[in-house]
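Visitor: Sequence:
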Amino acid sequence: MNPVTRRMVGFVDVRFGANVTVIEPTNLYGCNIGDDTLIGPFVEIQKGAIIGKRCRIQSHSFICELVTIGDDCFISHGAMFINDLFGEGGPAGKLELWRPTTLGNHVSVGTNATILPVTICDHVVIGAGAVVTKDVTVSGIYAGNPARLLRRLPAVP
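Going by the working numbering, the letters in the sequence shown line up with residues 495 to 651, in that order.
FYI, nobody ran anything at the bench for these hints, they're computed from the structure.
Even for Gly, the Cβ is constructed at its ideal location relative to N, Cα and C.
It is possible that part of the hints are untrue.
[As the list claims (entries may be wrong)] Think about it this way: if two alpha-carbon atoms lie no more than 27 angstroms apart in a straight line, the pair counts; the simulated DSSO-like pairs of lysine-lysine are:
no.	residue 1	residue 2
1	541	588
2	628	541
3	547	588
4	547	628
[Claimed, not checked] With beta-carbon atoms standing in for the labels, derived distance ranges:
no.	residue 1	residue 2	range
5	504	649	19 to 27 angstroms
6	506	645	26 to 34 angstroms
7	650	629	13 to 21 angstroms
8	497	649	53 to 61 angstroms
9	513	541	36 to 44 angstroms
Can you build the whole structure from these sequences, using the hints too?
Guide: As structure tokens, this is what we get:
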């Protein structure tokens, strides 16, 4: 038999805020989780990722390095964040080719949405299955592949 390298993660070098709930199994390592946030099962949050306060990260979501999520955000089941655009025709051999993603406050990401390296402003809803390929600069509801503005949301005080 060939030797197997086994790495168990669980929680490694995670900075938890107050009143955080994590439902295992999860892989959380080198990330920051804000106060009053809930992390569902089968979630992976990689090193350097920052999750704001009062967020809900639902099951089977993947939040990679270089992702920052604001406060009061909802990340639905199976949402995927991408930091490598395969700009050289395959996986980046150099980490400096990876790109960051930033979500503002009050952003909801629907089930099985894919978020490429972009910036998303406050008060945005990303529909289920959407693929966000460009920055979102107007509050509203976005859906499709690529995601497009369906309608603006009313101004929030």
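Visitor: Each hint needs a verdict: does it hold in this structure or not?
Guide: So, going through the hints one by one against the coordinates:
About 16 angstroms separates the Cα atoms of residue 541 and residue 588, which keeps this hinted pair within 27 angstroms; it holds. Under the criterion of a C-alpha separation no larger than 27 angstroms, the hint pairing residue 628 with residue 541 is consistent with the structure, at around 24 angstroms. Proximity of residue 547 to residue 588 is assessed by CA-CA distance (about 32 angstroms); at most 27 angstroms being required, the pair is judged violated. A C-alpha spacing of about 25 angstroms is found between residue 547 and residue 628, which places the hinted pair at or below 27 angstroms, so the restraint holds.
Checking the proposed 19 to 27 angstroms range against residue 504 and residue 649 shows it is violated: the Cβ atoms sit about 43 angstroms from each other. The hinted window of 26 to 34 angstroms between residue 506 and residue 645 is violated, with their beta carbons roughly 42 angstroms apart. A hinted range of 13 to 21 angstroms holds for the C-beta pair residue 650 and residue 629, which are about 20 angstroms apart. One distance hint, 53 to 61 angstroms for the beta-carbon pair residue 497 and residue 649, holds here, with the actual separation near 60 angstroms.
At about 23 angstroms, the CB distance of residue 513 to residue 541 disagrees with the hint of 36 to 44 angstroms.
The structure is inconsistent with the numbered hints 3, 5, 6, 9, although it conforms to all the rest.
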